[in-house]
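Reassemble the complex: the two chains are provided individually, in unrelated frames, and hints are given to aid placement.
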Amino acid sequence: MRLAAAVVAGGLLLIVVAAMPSRPQIPSGREVVSAAAYVSSDPVARGSSFQVAVVMKIRNGFHVNAREKSADYLIAADLRAEVPAGFKAGDVSYPKGELRIFSFSKKPLNVYEDQVILRWELSALANAPLGAQHIPLKLRYQACSHEVCLPPVTQDVDATLNVTATANASRPAHPELFPAQR
Amino acid sequence: MKKTVLIVIAVLAVIVVAAHYADKATRLSPKGASTRADNPNGAGKPAPDVTLKDLDGKDVNLGQYKGKVVLVNFWATWCDPCRVEIPWLIEMQQKYGAKGFTVLGVAMDDEGKSVVAPFIQKERFDVNGSKSPMNYPIVLGNDAIADKFGGLLGYPTSVLISRDGKQIKRITGLISYEEISKTIESQL
Chain Y
211 MRLAAAVVAG
221 GLLLIVVAAM
231 PSRPQIPSGR
241 EVVSAAAYVS
251 SDPVARGSSF
261 QVAVVMKIRN
271 GFHVNAREKS
281 ADYLIAADLR
291 AEVPAGFKAG
301 DVSYPKGELR
311 IFSFSKKPLN
321 VYEDQVILRW
331 ELSALANAPL
341 GAQHIPLKLR
351 YQACSHEVCL
361 PPVTQDVDAT
371 LNVTATANAS
381 RPAHPELFPA
391 QR
Chain U
129 MKKTVLIVIA
139 VLAVIVVAAH
149 YADKATRLSP
159 KGASTRADNP
169 NGAGKPAPDV
179 TLKDLDGKDV
189 NLGQYKGKVV
199 LVNFWATWCD
209 PCRVEIPWLI
219 EMQQKYGAKG
229 FTVLGVAMDD
239 EGKSVVAPFI
249 QKERFDVNGS
259 KSPMNYPIVL
269 GNDAIADKFG
279 GLLGYPTSVL
289 ISRDGKQIKR
299 ITGLISYEEI
309 SKTIESQL
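These protein sequence lines map, in sequence, to chains Y and U.
The C-terminal position of the first sequence is numbered 392 in the working numbering, with every residue numbered one higher than the one before it.
The C-terminal position of the second sequence is numbered 316 in the working numbering, with every residue numbered one higher than the one before it.
If we strip away everything but chain U, and leave its shape as in the complex, we get (with noise of 0.2 angstroms):
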């Protein structure tokens, strides 16, 4: 009888441990970016088959990326903590991109090039003092491209993809840059 009453409790409080710890990764906290939600679903999955248009109108499959790192990040002109990634993204292209890693950046802005490309061509972001243009591919987005990624909930989300075309990593809400330059340095 002691022994039932012994394995209902463990089994209980190793369900009490893992529902915590699940609702602990899933959550958003009020402040603070270093506590955005990293959302593992996805993790180890194949990245989707989808293909993009860049801003030329010419198709950009993610496949093509194969044999590279890749940061997929969703992105908007109208999204303030996008703005804030922007210089970070450029500053991993600037490091990492002659090692075999890209970031892609996703435009989700309903009204697509016409908003798209004169803020790619006007804006310069500050990048270790010094004024710059966003320095790596930009495709536009949809809600079909979104769902591909298993959907969004909202703006930035980030998918590192490994060189084998494996999805490593997701977050939603800002990246953490050390944390992510580090995950990016493992896979290079």
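Pulled out of the complex, with its shape left as it was, chain Y reads as follows (with noise of 0.2 angstroms):
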């Protein structure tokens, strides 16, 4: 008798923990998105031209609104650098986004959900400094959930990279962001 009633109470016990409120339900705009930076070449050498890819992962549930947003009032997603001296910046290349229609809104809206990249040329000039460099990118973003929006964030990404003075060394990296050079 004894050992049922423990039996019964350790059950119930457990359906409690299970039931029990978790954690808040909305996150915050920093905790909707994810976001990693990868660079095409390793080491990246002097003189030459690579990529580096931002890869966002969004919470499922969420989307923030893509590059080309749906309404002038919409914050869409945007990446900048202030590229280090010895490097030059070509132009990021955004995903298209999805059309999507969201119980607050009348119209389809252009977003992003689960995981996008975002791709950015960049070249290693003759005088790139040699060695471990940083790159500090600014991802900015704005997620709504279907219900609700979060304030406009601006993650810091670090793309790092390693310069080297001639080719001979440099291979690609991570070829499952960057096909092309597979």
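Derived by calculation from the structure, the hints in this document are not laboratory data.
Incorrect hints may have been included.
[What the hints assert, rightly or not] Calculated pairs, DSS-like style, for lysine-lysine (alpha carbon to alpha carbon, straight line, at most 27 angstroms):
1) Y/Lys-279 x U/Lys-223
2) Y/Lys-316 x U/Lys-259
3) Y/Lys-316 x U/Lys-250
4) Y/Lys-279 x U/Lys-250
5) Y/Lys-316 x U/Lys-310
6) Y/Lys-348 x U/Lys-250
7) Y/Lys-279 x Y/Lys-267
8) U/Lys-227 x U/Lys-186
9) U/Lys-310 x U/Lys-186
10) Y/Lys-279 x U/Lys-294
11) Y/Lys-317 x U/Lys-250
12) Y/Lys-316 x U/Lys-223
13) U/Lys-259 x Y/Lys-317
Given below as structure tokens:
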């Protein structure tokens, strides 16, 4: 009898723990997107071009406005950097968004969901500093769920690369993100 | 012994049911404005003593609305669901404004007046077929103001305040026009 009582109590305790309210249901804007930067070559040779891919992983149930926003007043995804001396920045290419209708919008909105990759063309100039270098990037976005919008966020993303004097040692890196160089 | 088992089961059952409803009350459903989060936090508490700036730079103290039912609506010009609500808020102001009610729009744009003032001046909203400007007072908010309201999880967030200055209802996400109208009417 005592054993039965213990089993019943233990089982119910497990149910209680499972049913307890978990952490807050609405994350902050910063928690909605995790972003990381990857460089297409390792090392990067002086005088060569390379790409930086910024992978944005967007939490399930949330979206961010795509670069091509659906209305003037929306805040579009934006990637910027103050490129250090010795590097030259080209254009950022943003992926196309997906047109989605949300409970709060009358017309479809062009948004990013799940995972998107932003790509930036850069060049290491002949005078690029050698060794480990950092390119500090700033990723700005504004996220919403189906019901609520979160304040815009600017996340710092660090692109790290190693610069060499000659192209001999330079190898393609992260082929899963830079398939053209396979 | 049997009695002990029954008591344990009863207590745990109560906890399970309470936990279930507590969780449901705070959970955001993936779709549908009708299932937005109604956050009871702060309900019954006095409204915070806050002073905000209007678009002319004048102080607006929340306390000056004591005696009125106030719907404090935190919004931003870039917030799409906030724009959905604005025509409803205009209509509520038209309908209940003379009966001792007001909406107080708290604009949370980081850029403040420089974006909010042109928005108010330019934008017109479809209210029952006619294009209407925002007809309720707008003030400029910031994180410190939001903190005094217990912090905001997102926009829009609305807090309904009774005539005697108590927080009655707090809604994160789109309000339900019918539901909030009923609550306002019950307070007037």
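message: So if I understand the rule, the pair passes when the alpha-carbon distance is 27 angstroms or less; does Y/Lys-279 with U/Lys-294 pass?
response: Cα-Cα ~40 angstroms, so violated.
query: Between Y/Lys-279 and U/Lys-223, is the straight-line Cα distance small enough, at 27 angstroms or below?
result: violated (35 angstroms)
field: Pair hint Y/Lys-316 and U/Lys-223, alpha-carbon separation not exceeding 27 angstroms
entry: holds (25 angstroms)
- prompt: Does the structure keep Y/Lys-316 and U/Lys-259 at a Cα separation of 27 angstroms or less?
  reply: holds (17 angstroms)
message: Against the 27 angstroms threshold, does the CA-CA distance of Y/Lys-348 and U/Lys-250 hold or violate the hint?
response: Not satisfied, since the Cα-Cα distance of roughly 32 angstroms exceeds 27 angstroms.
- prompt: Under the criterion that the straight-line Cα-Cα distance not exceed 27 angstroms, is the pair Y/Lys-279, Y/Lys-267 satisfied?
  reply: Holds, at about 19 angstroms.
query: Do the alpha carbons of U/Lys-310 and U/Lys-186 lie within 27 angstroms of each other, as the hint requires?
result: The hint is violated at about 33 angstroms.
message: Next pair to validate is Y/Lys-316 with U/Lys-310; report whether the Cα-Cα distance is within 27 angstroms.
response: With Cα atoms ~25 angstroms apart, Y/Lys-316 and U/Lys-310 stay inside 27 angstroms; holds.
Distance restraint between U/Lys-227 and U/Lys-186, which requires alpha-carbon spacing of 27 angstroms or less: Holds. U/Lys-227 to U/Lys-186 sits at ~25 angstroms (cutoff 27 angstroms).
message: For Y/Lys-279 and U/Lys-250, compute the direct alpha-carbon distance and say whether it is at most 27 angstroms.
response: holds (20 angstroms)
- prompt: Within 27 angstroms, alpha carbon to alpha carbon, are U/Lys-259 and Y/Lys-317?
  reply: holds (19 angstroms)
query: Between Y/Lys-316 and U/Lys-250, is the straight-line Cα distance small enough, at 27 angstroms or below?
result: It holds: about 20 angstroms lies between the C-alpha atoms, which stays within 27 angstroms.
Checked against the numbered hints listed earlier, the structure breaks hints 1, 6, 9, 10; every other hint is satisfied.
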